[in-house]
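Chains as they are written, first to last, in our numbering: chain A, 1 to 507; chain B, 1001 to 1364; chain C, 2001 to 2349; chain D, 3001 to 3379.
Treat the hints as calculated values from the structure; they're not laboratory data.
Wrong hints could be hidden among the right ones.
35 angstroms max Cα-Cα, derived DSBU-like pairs, lysine-lysine [to be verified]:
1. D:Lys3251 <-> D:Lys3198
2. C:Lys2186 <-> A:Lys26
3. B:Lys1294 <-> C:Lys2116
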Amino acid sequence: MSATTTQPVLQVSGIRKSFFGVEVLKGIDFDVRPGEVHGLVGENGAGKSTLMKIIAGVQPADEGVIAYRGDEVRHTQPRQAMDAGIVTVFQEFTLLPERTVAQNVYLGREPRRGGFVDQRAMNSRTAELLTDLGVSFIEPQARVGSLTVAEQQIVEIVKALSFDAQVISMDEPTAALSDREVELLYAIVRRLTSRGVAIIYVSHRLKEIFDLCDRITILKDGALVSTDDTTALTTDELVRRMVGRSIQSYFPDALPGTTVGAPRLELDGCGNAYVDGVSLTLRAGEIVGVAGLQGSGRTELVEGVFGIQAFSRGTMRIDGTPVRITSARAAVRAGLALVSEDRKAQGLALGQSVLDNALLVVRGVFAGRTAASRREVPGILSSLEVSSRGVDQEVRFLSGGNQQKVVLAKWLLTRPQIVLFDEPTRGIDVGAKYAVYQLMRELAAQGKAVLMVSSELPEVIGMSDRILVMHDGELVAELPAGSAEHEILGAATGAHTPGTTAEGGAR
Amino acid sequence: MKRLRIDSTLIVLAILLLVIVVGAILVGTVGRNFLSAGNIRDILTGMSVLGLVAIGQTLVVLGASLDLSVTYVISLSSLLAATIMNGNAGNIPLAVVVTLLVCAGIGLLNGLIVTVLKVNGFIATLGVGLILQGILNTNFEGAAGSVPWAFQLIGATGVGPIPVSTLIMIVLAVVVWLLLNRTRTGAHLYAVGGDPEIARLSGVRIRMPLIWAHVLCSVFAGLAGLLLASRLGVGSPTVGQQGGYALLSIAAVVLGGTLLLGGRGSIWGTIGGVAILAVVDNVMSVMQINPFLKDVVRGVVIVAAVAVYSRRSIVRRRPRFGPGGTRTGGDDAAKAAEPEMAAAAAELADATPDTTPAAEGGRA
Amino acid sequence: MNALRTLVSPRGAVFLLLVLLLVAVTVLNPSFAEPGQFMRFLQRVAPIAIVAIGQYFVIIAGEFDLSQGSLITAQVIIAGNLVGQDDARTVPVLLLMVVFAVAVGLVNGLLTTLLKVPSFIVTLGMMLALLGGVMWWTGGAATGNPADSFREIGRGGIREVPLLDFLPWAVLLLIVWLALGIWITKRPLGKTLIAVGDNPRAVDYAGARRAWVTTRAFVISALSATLSAVLLVGYAGVHPSVGRGYEFTAITAVVLGGVVLGGGRGWIVGAVAGAFALEALFMLLNIAGVPSTLRDAVQGVIIIAAVAYSAVAFRARRRRGPQSSETVTDEPVTAPAPTRTIHTEIRGD
Amino acid sequence: TTDPSVAPAESENPEEAAETTEWFDQELFDKQDEERGVEPQGPADEPYLQHINAEMVDTAEFASDGAKKACFANASISNPWRQTGWITMNEQLKVLQDAGAISEMETRDAKDSDDTQIADIDYFIAEGGCDVFLISPNSTAAMTPAVERACETGKPVVVFDRGVNTDCPVTFIHPIGGFAWGIDTAEFLIDNLEEGDKVVALRILPGVDVLEHRWAGAEKLFEEAGIEAVDHFTGADPTEIKSIISDELAKGDVDGIWMDAGDGAVAAIEAFEDAGVDYPVMTGEDEMSFLRKWKDTGLTGLAPVYSNFQWRTPLLAAQMIFAGEEVPKEWVLPQKPITEAELDDYLAANEGMPDGHYAKFGGENLPGYPTVWQERQIP
Ligand SMILES: Nc1ncnc2c1ncn2[C@@H]1O[C@H](COP(=O)(O)OP(=O)(O)OP(=O)(O)O)[C@@H](O)[C@H]1O
Ligand SMILES: Nc1ncnc2c1ncn2[C@@H]1O[C@H](COP(=O)(O)OP(=O)(O)OP(=O)(O)O)[C@@H](O)[C@H]1O
Ligand SMILES: [Mg+2]
Ligand SMILES: [Mg+2]
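Let's have the full structure, built from the sequences with the hints guiding it.
And the structure:
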C-alpha cells in the first residue's frame, strides 16, 4: 500500500550477536522504508529487543552492517543514534521516577539559554508536545513517579517524538496501555508515517500488528523467517511461522471434568484507600476475569486481596471461614497466590538463578518444605516448558516469556488454592500465552479458583466464566462469559449507570 | 490538580527549627543566650567547614557514589596551601590555584576509578584515601607552612556575627544549586544517580557527570582545607581526620534528605543537615555534656532525624478512599480528558486517510 | 586446570591475590611456611575473617553495618570490666555479651527495616552511640584484662598437634563459624537474604518476612563482631582501640572477595578469602619492611587494583566467546538438561 | 566590619613559623638533657608545684579578690592519660572551689580537633565571662593565633601540656619534654643491649610534636650507639601491636622494645610470650597495665613518665596568679622515670586502680582519692 519503491532509510544486514557464547541473532537482514510501519514479531526470546538495541546503538553487534540513509554507521552510544535520527521506545521504561516529565523528555539534550538549562522552554515545549497529542492530563512539571503506568508510557512516547526522528523503533509500546490509549497511539503512528517517518513496531498483540503495519518481519530463534507485506499474510500463517505450528484456538476450552463448586473466596464490602465496596465470590473451578481501564484499580483490588494493601473494611472469607489477611505472608499461608503485573519489579530477583527464584516463596513462607519443593522444581519447570540453560542460569538472561513462566513456577510450588493473575500474559508471545491459559484451565479443573486481571479484552472474554468490571476503584458490573467488548467497555468507562449493574456485580 | 508533596527539604528545615527551639530553651536553662553574637558565630563557624565538604559530598551522593577520601584531601589541601604561601601574601593566588588543581586531580582520579575501572565509590575512595594518607605521612611530619595574615582573615573575620567563611559557603551553595538545577551537567548527574542505564539509553554520557561530581567534591574538600589553613594559620596533616569529615558529611547529606542511592536530593537540605549537626553540637558544648555522651546524642540525633522523613519519602500512591483520599485522582482527570483524546485521535486519523487498517489480517 | 581457570576468573581474583601475597611472604620469610607460623597467621586472621562473615550477610542483603568496630570495642570492654579476675564469671558474661549483641543487631535491623532509615546511617549512629556509651560508662579505660581462662579462647589452642604443631582455638572457631555461615547461605534465610539484596519488592510480594530476614542479618553481623571480640580479648587484650576500623576492614575484605556492595551477589568464601588477603597484605608490608608511613598507600593501591581487576575482567568476560562462558556455569547442573520450548519440538519451517 | 577581636599575631614571623619537618632539634635536646639532671625547686611532696630552672614572672597586675571563673579549652579526653589527668583536674577544682579561689570552671572539649578548639576559645572570649583561660592546646602552631586572641582580652592565660608559638600566656606548664623521654629510654635500652641489637619502636601516630620529640631523641641515640631500630605506627591498637611484633619475631630476633607511650605495652609483651621467645628489654610508661605486666614477667624494663600530675598545676597556677604570687614563665615540671627499684612502691600505692591509670598521677592528697580514680568518674 505504501511506497514500495522508495529507498530504505535503514538497512541492516548480516547482524549477529552472542551473549556468553550463545548466539541470539543469527545473521539478520532487515530494512525499513520511509513512511512505513514495519512490524517485527517473534516469540519471546526470538531476539527482537536485541535487534532493536543494536539499531539503537545500545549494544554493538558482533558482526553485520547497519546502513542508515545509505551510509554505513557504527553507533557505539545511544546518543549517536539519537542525534542521527534513530530513536527508540524501549521495552523497559527509560524514565526517572524522581524527575519531572519535562526533565525526562529532554534528558540528555536539555534546551539551554545563556549556558543554563532553560526550564521554562523545556516545560512549555513538553506541554506543546503533549497538547499536540491531545493529552492534557499530564503536567510537564509532574514527577514521573507519581504518574500511572499508562501515563508513563505516554511520556515515553512523547520523549521519542520530541526528537526530529527519521526512524522510530517501538518495542512493545502498548504492553501497558489499554485500548483507548492504543487508539491514540495508532493515530500518532499514522501521523508520523504520513510525514515520512519510518516506524519499527514490535508487539505481541497481533491485532495491532495487522492494524498498523505495512510489512511484517518474523524472527524465530534469532533467525530471520520472512519479511512480507501485511496483505500477504493471515494471522494463522503469521502464527505458524512464529511458533512453528498453527494454533487452532487462542483460548483453550475448559478441561473436561471442570465443575464449578463451592465458593472459595468471598469478599463482602471490602475496601481500602484505593478500592471500595468490593463484593465478589470466586468459586472452585471458576475463572473470573476482571476488566477495567488503566488506573481503575484492578491491581489494587488483587493487591488488597493479597494483603499488600490490606483491606481495612469489609469481610473476607476463604472456603467459608472468615479471614483477615493483612500481609502477603498471611495470604500465601491462606492458600492465595498473586502473579503480579510487573515481573521485573515485583516478581523476580533477576540476579538469582531460576531455581532460587522458583523457590522464593517456599523459602520465604514454608521454609520447612524447601527440600521437598526443590525436588519438584525440574518437573514444574519442564511442564511449563521453560527454556533455560539449566536451573542455575540467572533469570535476567531469560527472555520475558520465560521469566513469566518462572514466576508461575514459583507460585505453583506453593500449591495455591486461589490464584490471582494480574496481567498474566503481558509481554509474552502467543505460544507462551497459550501455555498460561492452559495452566489456568488446569488449575480450574483441579478445583482451584482463578481471578484474572487483564487489559486485553479478548483475553478476558476468551477465558472468563464471568467478567467483573472495575471503574474508579469500584466493581461496577458483572457480565456473563462471552459478553461483547462494547458491553465491557461501556461499564468500564462508566457509561452505564453503575448503580444498577453493581448490584449484579455484588454477586 | 497539582498534588502538594511534602518535600524532604522542608521537613529538614522543620527539624532544624525544632532543634533550634529546643536548643535555645536548653541553652537558656544554663543561663546563656542562644542568639548572642558569640553563640551564633560559634554555630556558623562549626557549619562552614563541614558545610563545604557536605556540598561536595552531596554531588557525589546524588550520583550514587560516595567520597571517603575527603578527609585526606582536606589535610593535603591545608598543607599544600600553607607551604606554598609560606607566610608570604604574594603567594596566595598561586597557592590557592595549585591547591585546588591538585584537589581536582585527586577528584578526577576518584572519578576515573569509579567510572572507568568500575570500582564501587566506597572502595575506590577508601583506597585513594589510604594512598593520600601514605603520601601525607611520608612527606609531612607535622604541621607545616605558614599562612599569611591576609589569608587568615578569611577564617577570622565576619560581618556582624556571620563569619566570612559562612558567607563563602552559602555563596558556593548557591552556585552548586545553580549547577544542579540549571545546567545539563546537573540534570545528567541526577539522571546517572537515579539510574545509569536509563540515563545511557536516554543519550546521556554517563561517565562525565559522575567524574565532574567527584572532581567538584574534591575541590570542595580542598576549599574546606583552605579554610582550615586560614583558621589554623598552618597546614596540618591530620586536620581532616580530626573533624571526621567523611562520615559526618555523608551523615549531613542524608540528614538533608538526599537519597544515599542517588538521584534525589537538594543542596539546601544538606545545608539544613549540616546546621542541625552544628546546633546540636553547640548546645551540647554550652551545656558541657560529657564528651563521650555527646557522641551518643549525636548518633541518636542523626538516626532520629533521618527517621522522621525516611518513611514518608517512600513514593506512595494517592489514596482514593478514606481520610485524605480524593476520588479526583488521575483517572478522573484522564476521564475528563477522554473526549478530548478521542477527538484528537480522530483528528489525527483523519489527517492521514490513506492508511486503512489491514482489516483482513484480523483474527481468523 | 579448572582451578587455574577459576583463579583468573573475576570470582577467583581474590584467591589469586591471596596466593600471590602468601607466596611473596614465604619468599621473603621462608619460616612462614612452617606449620606453627602458618597457624599463628590463621589465628591472627580469625577475628577479621569472622567479622567479614558477619558483614557479608548484611552486604548481600544490600545493607551496611558500620557499627561492627564499635561493637567489638564495647564487647571487649564489657568482657574486661565484668569478668575481671573471676573465672566463674566467664560463662555468664559470655551469655550477657551474646544478649547484648542480639540487642544491638535487633536495633540496627529494626531501625533499618521498620523506620526505613538507610542502614549506613543507622549503623553510623550506632557506631557513635556504642563507642560513646561504653567510654562514658567506663570513663574511657577498662579496669584491665579479664581472667586468663577467658583470654585463652583467643590466645591459646591445642599444642603439639601432629603436623600442625599448634592449633589455635581461634582457627577452630573460624572454621566452625564459616561452616555455619556456608550452611546459612544454603538455607532459606541465606537465599532470601540474597534475594532481598537483589529485589526487595519481589521478596515482599512473595510473602517472606523481609524486615525479619534483614534484621537477622544484622543480628548475625553483631554476633560475628562479638565472637571476634571474644577472640580479640584473648589475642590483644582489653583496650578502647581494639576493634577500631574493623567495619571498614571487613567491608573491604568482603568487596575484595567479589561481593557486590548493594547486594544480591557474592560468595561467603570469597569474603573470607578477602579477609585473608588483606591480613596477608598487612603482613607482607610488615615483613618487607615497607616504611610504615608508606604502608597505607601501598594498601590503597592494591585494594583498588584488585577490585578493579574483577570489575573489568567481569565485563570483558561477558563479551567474550563460548569457551569462557563455561566458567559461568561450571557448577554441575543438577536438574535435568535444559527444558525446551514448544517450538523446538515442531519445527514448521 | 571586621571582628574586633581579630588582630594580626604579634609574633608574626614567617621564617620561624614555617616549621621544617625535621623533628630533631639539637638545642632543645640539650636543654632537656640538662633539665633531667636538675634538682627541681619547690615542695618535695607536691611534684605538681615543683619547677625546674624557672624564671619567675610577676603577676601582681592580676591580683584580685573573690572566686574567679576559669574557662578550660581542652584538646580532648580521648586517651587514658588525658582521662586520668582530667579526673585529677576536677578533683583539684573542688578543692579550689571549697577554698573560694575558683567559682566555677567552664570546659569545652575539642575532641582532638584544632578547628573546634579555635572556635571554643573564640566562644569563651565572646560569651564565657571568663576570668582566666586554661588551655591545653590540641596542636602547637595551629592554636597560636587563638591563644593570642585570648591573651588580648587582658585576662591571664595558662597553657599546659603542648605549647604554643607565643609567649603571651602568663605561664606555660609542662613536664621536661619529649627529648628527655627519648634520652631516658634510649639510654636505658643502650645500657642493657649490645651494639647491633635490634629494637622495635612502637609509635602511636605521626605528626604530634610531643610524641615525635620522643622518637627523634631516641632514634638519634640508637644510631650513635649502633643499635638497629625500626619504627612502626600502631595507633595504640594492641591488635596491631601484636601483629607487628609477631612479624618482627618471624623475621628474626628482637632484643628491645621502645614505646612512645605505654598504651598497648602488654600486647607487645604477650607477643613474645606467644612466640615462646625471651622477653625483650623494654621501655613503656607509668601506665598501670605496663607496670603490672612488668612486675608479673620480671622483664628488664623502665617506665618513663610524662607527668600526669601536670593536670593539677594550671588551676593552682590560676589561684597563684589571682593571689598576685610569682609563677614561672615556663613552668617545667619534673619528669622522672620509674625504675625497677621503685616499681613495687608504685604498684602498692596504686593498688585497685584500673589498668588505664597512671602511677604518677599525683592526686593522692585530693579528697576523692582513691575511689574517684578507681571508678574513673569522668564529669
Ligand atoms: N544482556 C543479555 N545478556 C545475556 N543474554 C541476553 C541479554 N539480552 C538478551 N539476552 C538473550 O537473548 C535472547 C533474545 O532476547 P530478546 O530480549 O532480544 O528477546 P525478545 O524477542 O525481545 O523477547 P520478548 O518478546 O520476550 O521481549 C534471549 O534468549 C535472552 O535471554
Ligand atoms: N501514583 C502512583 N504512584 C506509584 N505507583 C502507582 C501510582 N499509580 C499507580 N501506580 C501503580 O501502577 C500500577 C498500575 O496501576 P493503575 O492504578 O494505573 O492501574 P490498575 O487498574 O490498578 O491496574 P492495571 O495496570 O492492571 O490496569 C499499579 O501497580 C499501581 O500500584
Ligand atoms: Mg523484547
Ligand atoms: Mg494493573
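Hints, one by one, checked against the model:
no., hint, verdict
1, D:Lys3251 <-> D:Lys3198, "holds (12 angstroms)"
2, C:Lys2186 <-> A:Lys26, "violated (39 angstroms)"
3, B:Lys1294 <-> C:Lys2116, "holds (25 angstroms)"
Of the numbered hints given earlier, the model fails hint 2 alone.
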